[in-house]
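Q: As a plain string of letters, each chain reads:
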Amino acid sequence: MPDVTKAQTTDAATVDAVAPPAVDAPGKASTQKSDKPRSLWGDAWYDLRHRPMFWISSVLLVLLLVIAAFPGWFTSVDPRDGDLVHHYLGKPELGHLFQPDWFGYDQQGRSIYSRVIHGTRASILVGVCVTAAVTLLGGLLGMLAGYFGGWVDSVISRIVDIFFGLPFLLGTMVVLNAFTERKVYVVILALAFLGWTSIARVMRSSVITAKQADYVTAARALGAGTTRILFRHVMPNAVAPTIVVATIALGGYISAEATLSFLGLGLSDPTISWGIDISEGSKVIRDNPHTLLFPAGMLSLTVFAFIMLGDAVRDALDPKLR
Amino acid sequence: MGRYAARRLLQMIPIFIGTTLLIFLMVHILPGDPVRAIYGDKAPDPAQIAQIKREYGFDKPVLEQYFHYMLNLLKGDFGNNLAGRPVVDLMADAFPVTLRLTLLAITIEIIIGVGLGAWAGLRAGKAADTGVLVFTLTVISIPVFVLGFIARFIFADELGWLPPNVQDSTSYSQLFLPAFVLAMLSMAYVARLTRTTFAENLRADYMRTALAKGLPRRRVIGVHLLRNSLIPVVTFVGTDVGGFIGGAVITEGIFNIQGVGNLLYRAIQTSEGSTVTGVVTVLVLVILLINLLIDLLYAVLDPRIRYA
Amino acid sequence: MTTIDKTRNVPEPRGAAEGDVPLLEVRDLHVEFHTRDGVAKAVNGVNYTVNSGETLAVLGESGSGKSVTAQAIMGILDMPPGRIPQGQILYRGEDMLTMSGDARRKIRGRKIAMIFQDALSALNPVLSVGYQLGEMFRVHQGLSKKDAKAKAIELMDRVKIPAAKERVGDYPHQFSGGMRQRIMIAMALALEPDLIIADEPTTALDVTVQAQVMDLLAELQREYNMGLILITHDLGVVADVADKIAVMYAGRIVETAPVHELYKRPAHPYTKGLLESIPRLDQKGQDLYAIKGLPPNLTRIPSGCAFNPRCPQAQDICRTDVPPLHPVTERDGGELPGRGSACHFWKETIHG
Numbered sequence: 001m002p003d004v005t006k007a008q009t010t011d012a013a014t015v016d017a018v019a020p021p022a023v024d025a026p027g028k029a030s031t032q033k034s035d036k037p038r039s040l041w042g043d044a045w046y047d048l049r050h051r052p053m054f055w056i057s058s059v060l061l062v063l064l065l066v067i068a069a070f071p072g073w074f075t076s077v078d079p080r081d082g083d084l085v086h087h088y089l090g091k092p093e094l095g096h097l098f099q100p101d102w103f104g105y106d107q108q109g110r111s112i113y114s115r116v117i118h119g120t121r122a123s124i125l126v127g128v129c130v131t132a133a134v135t136l137l138g139g140l141l142g143m144l145a146g147y148f149g150g151w152v153d154s155v156i157s158r159i160v161d162i163f164f165g166l167p168f169l170l171g172t173m174v175v176l177n178a179f180t181e182r183k184v185y186v187v188i189l190a191l192a193f194l195g196w197t198s199i200a201r202v203m204r205s206s207v208i209t210a211k212q213a214d215y216v217t218a219a220r221a222l223g224a225g226t227t228r229i230l231f232r233h234v235m236p237n238a239v240a241p242t243i244v245v246a247t248i249a250l251g252g253y254i255s256a257e258a259t260l261s262f263l264g265l266g267l268s269d270p271t272i273s274w275g276i277d278i279s280e281g282s283k284v285i286r287d288n289p290h291t292l293l294f295p296a297g298m299l300s301l302t303v304f305a306f307i308m309l310g311d312a313v314r315d316a317l318d319p320k321l322r
Numbered sequence: 001m002g003r004y005a006a007r008r009l010l011q012m013i014p015i016f017i018g019t020t021l022l023i024f025l026m027v028h029i030l031p032g033d034p035v036r037a038i039y040g041d042k043a044p045d046p047a048q049i050a051q052i053k054r055e056y057g058f059d060k061p062v063l064e065q066y067f068h069y070m071l072n073l074l075k076g077d078f079g080n081n082l083a084g085r086p087v088v089d090l091m092a093d094a095f096p097v098t099l100r101l102t103l104l105a106i107t108i109e110i111i112i113g114v115g116l117g118a119w120a121g122l123r124a125g126k127a128a129d130t131g132v133l134v135f136t137l138t139v140i141s142i143p144v145f146v147l148g149f150i151a152r153f154i155f156a157d158e159l160g161w162l163p164p165n166v167q168d169s170t171s172y173s174q175l176f177l178p179a180f181v182l183a184m185l186s187m188a189y190v191a192r193l194t195r196t197t198f199a200e201n202l203r204a205d206y207m208r209t210a211l212a213k214g215l216p217r218r219r220v221i222g223v224h225l226l227r228n229s230l231i232p233v234v235t236f237v238g239t240d241v242g243g244f245i246g247g248a249v250i251t252e253g254i255f256n257i258q259g260v261g262n263l264l265y266r267a268i269q270t271s272e273g274s275t276v277t278g279v280v281t282v283l284v285l286v287i288l289l290i291n292l293l294i295d296l297l298y299a300v301l302d303p304r305i306r307y308a
Numbered sequence: 001m002t003t004i005d006k007t008r009n010v011p012e013p014r015g016a017a018e019g020d021v022p023l024l025e026v027r028d029l030h031v032e033f034h035t036r037d038g039v040a041k042a043v044n045g046v047n048y049t050v051n052s053g054e055t056l057a058v059l060g061e062s063g064s065g066k067s068v069t070a071q072a073i074m075g076i077l078d079m080p081p082g083r084i085p086q087g088q089i090l091y092r093g094e095d096m097l098t099m100s101g102d103a104r105r106k107i108r109g110r111k112i113a114m115i116f117q118d119a120l121s122a123l124n125p126v127l128s129v130g131y132q133l134g135e136m137f138r139v140h141q142g143l144s145k146k147d148a149k150a151k152a153i154e155l156m157d158r159v160k161i162p163a164a165k166e167r168v169g170d171y172p173h174q175f176s177g178g179m180r181q182r183i184m185i186a187m188a189l190a191l192e193p194d195l196i197i198a199d200e201p202t203t204a205l206d207v208t209v210q211a212q213v214m215d216l217l218a219e220l221q222r223e224y225n226m227g228l229i230l231i232t233h234d235l236g237v238v239a240d241v242a243d244k245i246a247v248m249y250a251g252r253i254v255e256t257a258p259v260h261e262l263y264k265r266p267a268h269p270y271t272k273g274l275l276e277s278i279p280r281l282d283q284k285g286q287d288l289y290a291i292k293g294l295p296p297n298l299t300r301i302p303s304g305c306a307f308n309p310r311c312p313q314a315q316d317i318c319r320t321d322v323p324p325l326h327p328v329t330e331r332d333g334g335e336l337p338g339r340g341s342a343c344h345f346w347k348e349t350i351h352g
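Order-wise, the sequence lines are chains A, B and C. Under the working numbering, the letters of the first sequence match residues 1 to 322, in that order. Under the working numbering, the letters of the second sequence match residues 1 to 308, in that order. Under the working numbering, the letters of the third sequence match residues 1 to 352, in that order.
Worth flagging that the hints you see were computed from the coordinates, not collected in a lab. Quick caveat: nothing in here was measured; it's all calculated off a predicted structure. No residue lacks a Cβ here, since even glycine has one placed at the ideal position from N, Cα and C.
Partner residues are not named here, just some residues of chain B that face chain C (Cβ under 10 Å, in silico):
| hint | residue |
| --- | --- |
| 1 | G125 |
| 2 | R203 |
| 3 | A204 |
| 4 | D205 |
| 5 | A210 |
| 6 | R219 |
| 7 | N228 |
| 8 | I231 |
Required output: the full structure, derived from the provided sequences and hints.
A: Encoded structure:
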């Protein structure tokens, strides 16, 4: 407690010395406030608020999350109900906002609008869960490798190298092919199993950088323990690049899930997935491009939103680019 | 330089063994019986299955199988697929096609990607920069298979400029559209990376020195900026080769090209372990060799690595 | 804001006789940077001249505008965010700010060259030093690659780099700090320019190496009879080599004087404070003097004299009126050539 008051008084003293005395009292308060150096995150937040890309992607993402959580709010039509007699490949009625025939019907007479809405959940779920798993696993291993170095680093880095040698999509194809019924969690596990390496690499290198910073040396000299240094000093400074990579990767995982579903190796019926619908639509694209364009558009929009957000955050966190 | 290359080559060996072992284990341990897959939905005779398993050595422990496999590999024997054709023959047919496709794609990737990125990087913060940024974001957001269908729909079905399926895989003009689709994603990344390094290096102290020396703008950018900015781009292109292989599976499927991607896709779907393992082993080797090449190129471009 | 006539009361540059055009003359130069926190006024009406064979030391803390002025002279300011709203930079009487880009480029490196502070980052890391030195001859004189390399070796010999012939193909990171700075000097000297601007050329070096590099620079300057603008925050570096000093604060020159007079009798409280804050052997054991407070934020320079919040002598007038650069005279009005002080109370400061 005494320390705090002391700090405050000395602070006030220096401020007095710098600020022009008396006279312009109202101006003084604001001068002091904006003279305070902004922290990395404070600075990034200031920067983010002034980026239209950040707001566009945030609004999009919130909307997508709401759709994924409550598809019933947006359509009351069952996405699995097909009416081959009346709706076989029905054309879209772009004026009929939010109606079942808004985006037209597919070759089983199902409402594409309803399928697009209900397909959101699987994609978002896969993206978010894979990213969470990958960030935990890769982040932890990367941190251990970066912080402890030596043989720990050697072992982890070689494992990363080995996994990295295997092309991501090929590996997941092989893994997923082993399962006949592919539920959401199977796809999540397969993607996470092969996807953690990039996060581990990023985490490792940023931990190495943070570890060498003077304030960490200082903390160690003051006798701080390993856990304390790792979680109080190293991690906060190493997470920024990881968050950026993870956000961008999230879009990539959604795209990968759709690609695998398209290849017949991802989610399978009865799960509703944009990838499956795009694959179905591609068979009749010549005369009915709408069967492909709407699910593909929704998929691209989702990926776009995540990548754009990651991009905006990266630019905000990286003062070098300003 | 020679020692550096030798060291890198030695470091590759454990990674090669590790990665091939990983794929071998994935193919052999995971559920999904390749022998059963031959029979499809029919119920086969258990004795017959056991006999086939013995023939292919599937009844032995996995590590022993791997060891034998690698031993045979050294002799150039990749085994046969379940239909009895040597895997080597299958690969000999498929690899040249994919090689052509990939080379064309990498050329497109570098030319357009670096060009676009440099153009945007020199105008950082201006409308051109934002335009390139939005364009690359859009390209990255659209999955390759969607891009492929749209490209095929527009250029083959609607405009009729190109045949929808590649009939002659030695014709670069027929391969151009698939190569372009394959290149798009990496091209967008190359453009963004180039843009970033350009914009960053533009503010480097040595750029200021180059200006202060009174060098013409052409030289300041073409020699001092480009040389430094291309180093990360080269690295990216090298590490991205694996991504190309994944993309090839899609692109070759859409345009019906009989390359490695197609071969692999069919082998995975029919659970043909020997073909999958063989193709992936060769791919891993190719990827590792390309990485080595990139490392050496990196050392040529950046003297700080060479003497480190 | 009080405006003043900025061209008034500028002391006559030494050695600039009638019809004799100075090598370089900076007139009323203003530079500002547009940042997201507002407009940072980095340079606010700087005037100085340099003649052949003369050394002008520009002294100031970081943020005083000394480096920005130099970059404006070289034409290597980042524009935007930088902007030069007014002022002239005359090279042999010709305003470089109104020249075509190409004409200006031909002066850079050939007539006016610059030495940067941190040679490691100022030299291109991926090109050999021989290439970077030879580039000057290839671009400006059209020499072949081979001739340029021979010239580069010659230059490296000139700045006393041992085994120049063997080391010409080496890269910047392979040299020591002092050797790298010699290469920077060699590069600036390559085409025997009329004027060299050295921006803190020894700050990044060890103290022992500092003296060697400074001596080399001074020796070469004498030999080629070049003008030299030496930018520094180190009063110790200045004393031996400079002819005259301009002290800068918040983008303005607050005092000009021939070098030894400045040390003997400062006429501005800021200069006085700087001199008093140098550690001296004869004051061992006493508290070291420090100017209180911090340099001003350039987006909100205090009204009146920019130094007033930190000045021990500040009066009301200092908070309202910007002091012009007064010519400084003896107590009896006797002339002190080349001396000026931008302080309302210069008389009290120098004589009081």
